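> Given next are the chains, with one letter for each unit.
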Amino acid sequence: MTTDARPLDYGAMAKEAGLTAFVVLMLTIVLVGFELRDVPGALALFTRFPDVLAACLIAFFGRIAVILLREGYRGAVVVGAGAAALLLLIGLLPETLFGTATAREYAEAYMPFSAPVVRWCVFAAAVFLAVRAALARRSVRADAKSREAAADRAGATVQHVARYAGPLLGLCAVALPVALGHDQQAMSVAILVMTYIMLGWGLNIVVGLAGLLDLGYVAFYAVGAYTFALLATTEGIEWSFWVCLPLAGLFAGLAGVLLGFPVLRLRGDYLAIVTLGFGEIVRVVLQNWYGFTNGANGISGIPRPTLLGLSWEEEAPEGQMAFWQWFSKNFWEVQYSATHEKIFLFYIILGLALVVNWFALRARRMPIGRAWEALREDEIACRSLGINPTNTKLTAFGVGAMFGGFAGSFFATSQGFVSPESFVFIESAIILAIVVLGGFGSQLGVVLAALLLIGLPEAFREVKDFRMLAFGLAMVGIMLWRPAGLLAHREPTVRLNAPGKGKTP
Amino acid sequence: MQDSFSYFFNQLISGISLGFVYGLIAIGYTMVYGIVGMINFAHGEIFMIGAFVALIAFFIMDAIGIGWVPVAIVAMLLLSMVINAAYGWTLERVAYRPLRGSTRLAPLITAIGMSIFLQNYVQLLQGARPRPLRPLIPGGIELWTVKTPDNTDYTVQISYMELMIIVITVVLMAAFTYVITRTPLGRAQRACEQDQKMAALLGINVNGTIAATFVLAAVLAAVAGLIYTLRYGSIDFFIGFLAGVKAFTAAVLGGIGSLPGAMLGGVLIGLIETFFAGYAERGSEYKDVAVFMVLVVVLIFRPTGLLGKPDIEKV
Chain A
-16 MTTDARPLDY GAMAKEAGLT AFVVLMLTIV LVGFELRDVP GALALFTRFP
34 DVLAACLIAF FGRIAVILLR EGYRGAVVVG AGAAALLLLI GLLPETLFGT
84 ATAREYAEAY MPFSAPVVRW CVFAAAVFLA VRAALARRSV RADAKSREAA
134 ADRAGATVQH VARYAGPLLG LCAVALPVAL GHDQQAMSVA ILVMTYIMLG
184 WGLNIVVGLA GLLDLGYVAF YAVGAYTFAL LATTEGIEWS FWVCLPLAGL
234 FAGLAGVLLG FPVLRLRGDY LAIVTLGFGE IVRVVLQNWY GFTNGANGIS
284 GIPRPTLLGL SWEEEAPEGQ MAFWQWFSKN FWEVQYSATH EKIFLFYIIL
334 GLALVVNWFA LRARRMPIGR AWEALREDEI ACRSLGINPT NTKLTAFGVG
384 AMFGGFAGSF FATSQGFVSP ESFVFIESAI ILAIVVLGGF GSQLGVVLAA
434 LLLIGLPEAF REVKDFRMLA FGLAMVGIML WRPAGLLAHR EPTVRLNAPG
484 KGKTP
Chain B
-14 MQDSFSYFFN QLISGISLGF VYGLIAIGYT MVYGIVGMIN FAHGEIFMIG
36 AFVALIAFFI MDAIGIGWVP VAIVAMLLLS MVINAAYGWT LERVAYRPLR
86 GSTRLAPLIT AIGMSIFLQN YVQLLQGARP RPLRPLIPGG IELWTVKTPD
136 NTDYTVQISY MELMIIVITV VLMAAFTYVI TRTPLGRAQR ACEQDQKMAA
186 LLGINVNGTI AATFVLAAVL AAVAGLIYTL RYGSIDFFIG FLAGVKAFTA
236 AVLGGIGSLP GAMLGGVLIG LIETFFAGYA ERGSEYKDVA VFMVLVVVLI
286 FRPTGLLGKP DIEKV
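These protein sequence lines map, in sequence, to chains A and B. For the first sequence, position 312 (counting from the first letter as 1) is numbered 295 according to our numbering, and the numbering increases by one without interruption. For the second sequence, position 132 (counting from the first letter as 1) is numbered 117 according to our numbering, and the numbering increases by one without interruption.
Chain A on its own, in the form it takes in the complex (with noise of 0.2 Å):
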């Protein structure tokens, strides 16, 4: 087993062992050591001390099962880990599958932490360090750029996929109400997921295509919602979604063309920093202008979208009808179902959304796309070349702001509620975490990602005090996983080549 292992240095191991746990010990000690609950007219401090041994012994191990990995001892790791999993299995199990009632007395005893999630996640770590170490894989560090080499091989592949994995994929999309039945809460994750995929596809425009880190976009989003919801509650105004739809991308458009004037000459990470500073802006003054937004406690009884007129309640107002009574008449019989709307929404954003793809798609093909790709790359050799930097970056920023726009009157409509709560930073956060998880500029990396991290979350509810937790985990991870995304591979749009020969190289 240890063929290529190397001669251990116990010191050295002991050494770099203890230091990690003593870390971890620095990390835990206050924070997971002491709790700070309150009791009826002040606070107490409560220990945990047992989660902080827990945590620098799991660290310590940890450790000499990763230095053990490196210097080729596989097979001590195998049996280690493996050791150590199979006893957490015992704890974990319901006793009725595995454990009898005394091996789960005992498991207790040594059982790290209390919150189950945790205790899965220690026993996921084994599994995967026994695994690793069965697989006759080399260290991680030793290969990192063939690694690198195979992830760019496989975005490759997926962008050549994507020629006909794309269509497929929007088949499955358009099929999947009908799959998911009548299932009304996956409706609703379905309808969140694609929402999340067009503002990541829009703000691919932003950031994949030009270049422009946008940490704001969620104050674009929030001045569509706010559009149409103004529009369509306002007295004497009362407009109908596929009225304000237009409205609110045209002024979500001149929102992001205001603040792109001025600050778009800025470079990258000022201009991070200047468009969350105005997504806060926007916040704030929603939540605090009163007599325009009704502050903090949002705008409620936005109407929903209705079909060529048709409505989707069980009765529809004066001199309307409802979609289940016309389809009834004209075609055959159906009940009402609260469904139906659901799907309808669903393929309203799908539709939204396959825009923004169909544009973002073309627009790489025709000048302006080119200039935003060449403007990424290098801004100095555009200015050389004529492109006038500030105008194009303005355009794609309108452009992307405009896309927000439309999904943000989409939201407006589907949650039939607006308030400043729903753009808060941290969307912007995750809507840009989805674009570049996926892979700047790519389409389906997009896809991917929010599949990954909206979806994902979703089914997970019932752990969801670890959601977040286990979000900001997740995008530290795949990030040090895949430094440039997850589907990234970034081919030149023209080459000097005729079109058609060569192969990537």
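These are calculated hints, taken from the structure and not from any lab test. Treat the numbers as computed from the prediction; the structure is a model and nothing was measured. All residues carry an ideal CB built from backbone N, CA and C; glycine is no exception. Check the hints yourself; a few may be wrong.
Unchecked claim - Sample of chain A residues at the chain B side, in silico, Cβ under 10 Å:
hint: 1; residue: Val7
hint: 2; residue: Leu10
hint: 3; residue: Val22
hint: 4; residue: Leu26
hint: 5; residue: Ile256
hint: 6; residue: Ala412
hint: 7; residue: Val419
hint: 8; residue: Ile461
hint: 9; residue: Gly468
As the list claims (entries may be wrong) - Result set (SDA-like, lysine to any residue): computed pairs, CA atoms no more than 25 Å apart in a straight line:
hint: 10; chain 1: B; residue 1: Lys272; chain 2: A; residue 2: Tyr273
hint: 11; chain 1: B; residue 1: Lys294; chain 2: B; residue 2: Pro245
hint: 12; chain 1: B; residue 1: Lys272; chain 2: B; residue 2: Asn(-5)
hint: 13; chain 1: B; residue 1: Lys294; chain 2: A; residue 2: Leu241
hint: 14; chain 1: B; residue 1: Lys294; chain 2: A; residue 2: Arg250
hint: 15; chain 1: A; residue 1: Lys(-2); chain 2: B; residue 2: Ala196
hint: 16; chain 1: B; residue 1: Lys272; chain 2: A; residue 2: Leu241
Put chain B on the given structure of chain A with help from the hints.
For chain B alone, coordinates are given in the frame of chain A:
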């Protein structure tokens, strides 16, 4: 009614002490930006952790029977510095070092991820409700007494708390300036800031220096966290976001990369915020808007900040 000058004076003092909080955080941003060229987005969270550790430290001191306030405050300061140093170091080691030399956006995303993680970590471990702390240092020095129009005396005073904040900050800034300008660590840091490759060739441990920079930044953020806890008497897991963004604004305002600039920017932002809240109509609701507007205006007219060096784009 108090007379307008005393009101002004109170606002001034409170603006300066708030500005010191921002300044101490801003130094962390500016140092890290100077040496690795990235926005350490999770720095606000480090500050928040510092505040929590300080609060818990007070309760620990209380529990073991050391209730004497000066000792308690020193213990809070030391403990939060030590713990924060560990967090700063780990943050750099886990989230940033593996990505050094990769795309510019990658560390920003891990920073945002870390920020989300740390917020929820503290929320899970310490609860989501605001945590109060009773005022530890009551009283103050009476400066002068004025007669108000309705013939009552109004005393203008500077509270011991604010005095202590100012003293702590000034002393620490002096120590910090000494570290940066006079010690081998400071020299190594400035060398790495200018040219990492060259510094490495000359035998400077670049990784170690960068780690030390994060640790220093986190230690200063711990001081800011302690001051914040003492000053406001209530903290929650979300304080890091806004304070972090404002402190970054301060760093940009002062000129990113410039240490005195960060402190100057911090004090300016603190003053702007306090005066806007104190004088403008409905100012306290819109004070954050005022701060960000200042940022936008500064970036448009003086992108390098007040004390920043102009940075020349090279092909």
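> Could you run down the list of hints and mark each one as holding or not?
Right, here's what the structure says about each hint:
no.: 1; hint: Val7; in the structure: 9 Å, holds
no.: 2; hint: Leu10; in the structure: 5 Å, holds
no.: 3; hint: Val22; in the structure: 12 Å, violated
no.: 4; hint: Leu26; in the structure: 7 Å, holds
no.: 5; hint: Ile256; in the structure: 6 Å, holds
no.: 6; hint: Ala412; in the structure: 5 Å, holds
no.: 7; hint: Val419; in the structure: 5 Å, holds
no.: 8; hint: Ile461; in the structure: 9 Å, holds
no.: 9; hint: Gly468; in the structure: 9 Å, holds
no.: 10; hint: B:Lys272 - A:Tyr273; in the structure: 16 Å, holds
no.: 11; hint: B:Lys294 - B:Pro245; in the structure: 13 Å, holds
no.: 12; hint: B:Lys272 - B:Asn(-5); in the structure: 18 Å, holds
no.: 13; hint: B:Lys294 - A:Leu241; in the structure: 29 Å, violated
no.: 14; hint: B:Lys294 - A:Arg250; in the structure: 15 Å, holds
no.: 15; hint: A:Lys(-2) - B:Ala196; in the structure: 19 Å, holds
no.: 16; hint: B:Lys272 - A:Leu241; in the structure: 22 Å, holds
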